[in-house]
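**Q** Here's the letter readout for the chains.
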Amino acid sequence: MALAIATVVDSISNLSVSGLTIKDMDTIPASASGLGPLLIPLPNFVTNFNMERDSYGGGSTAKMTVTYNLNYRLLFAQAGSGRDLEYFDNMVSMVALLWDAILAIETLTGAIDLVPAGITNMGLINDPAEHEYYGCDIAVRVTEFVN
Amino acid sequence: MATGRTVKRWQRIYIDGYDLSAYVYAVGPSFMEHEAAKSPACFTDGVQGSLPGQPKITVSELKGVLDPTALTGLHARLNTGTGALKIMHLVGMRAAPVAGDPVFCGVFQQGDYKEVDEDGFSAVTIKIGDWDVNSLINYANPWGILLHANGAETGANTGSGIDCIAATSKGGWLMYQVFAANAPGATATLSVDDSANGSDWLALLDATTGSIDVGTAPVAGIIATHTDHTIRQYLRWQLALGSATSVTFALTYMRAR
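Protein chains in written order, with this note's numbering: chain A, 1 to 147; chain B, 1 to 257.
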């Protein structure tokens, strides 16, 4: 088995979260304007990569456990499109819905395990076109077996 | 059954017909250990050593959550801290256990029941001792394969079974865990079939529970066959319904080698 990051990201994009569109690596919009709540990969998408060898052998045979973070940005609502605080509880609720969907995963194609890894930057953030949005950055930790 | 490695969350633990997996977060180490006899011994030494071919077998310890769920929870089942437990420890391969996955089975004496703080939540640790002396069998290997994963059946098995690569001639033993049936007092017979080619099946001699009450309460047990029995290459579960119309069970077979 080779690393399956693309498969994992595709699987994540197929998670069902009410009201949220999760984008794959090849479907990131140039601007989030008018698209509703979005979860998009961040430019620093793969971080904290780690590999441990679990058996003897060369690269084609040695069993390895690989872990890494995938970093996403939740773009909930464009700043200025409504009264600011009216978005806050709905945004937090959507984060909870996303975590619920991740916690409920039985198996995820491509990954051995997927767990929440953190939330940062909750508040005003930018979409790919530098529009200000209410949202946050979300990280998930992926475990894969290689060979 | 997938091949290759797996992770802890796909393990399962069944005890005396109860699936306690949702309460347990660690089992083991599950092992058998052949100790070398110590020699020489003096007259004043305590008796020590081991019988050839007779290892120490145990699952060592269970760690779980202190959950007071009535009747079916870990606390309800094991808080007496003692008694013989028929334990089936299953290792699913990157998914919930399915037929062909490895299992570690045995009848062990419970040693204690301790409440402990585990990073802020109330946990329990349960020491599992050696094989129960009232359930001794002439087999030294507790590792086998799962023939039927925990699930309901309503009739006989006509499937192709599990390919165990080769026949053996040293017998074996089975463990069953019956979780439920359609009605109190309902009866059924669980057994094992073997086959040389995966298509022509025969009942494996003596590998049967006989008719048992599967409906009144969860039940588990082990059945050992003679140690010189030939066990053909393919194995499968079998069910003969008595008065039961549905039986929910898991069945494993430990082939001696």
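Hints were generated in silico from the structure; no laboratory data involved.
Incorrect hints may appear among the rest.
Said to hold, decoys possible - With a Cα cut of at most 30 Å, we get these calculated BS3-like pairs of lysine-lysine: (1) B:114 x B:170; (2) A:63 x B:170; (3) B:8 x B:63; (4) B:56 x B:170; (5) B:114 x A:63; (6) B:56 x B:8.
Please read all numbers here as calculations on a predicted model, not as lab measurements.
**Q** What are the numbers of the hints that this structure violates, sorted from low to high?
**A** 1, 2 and 5
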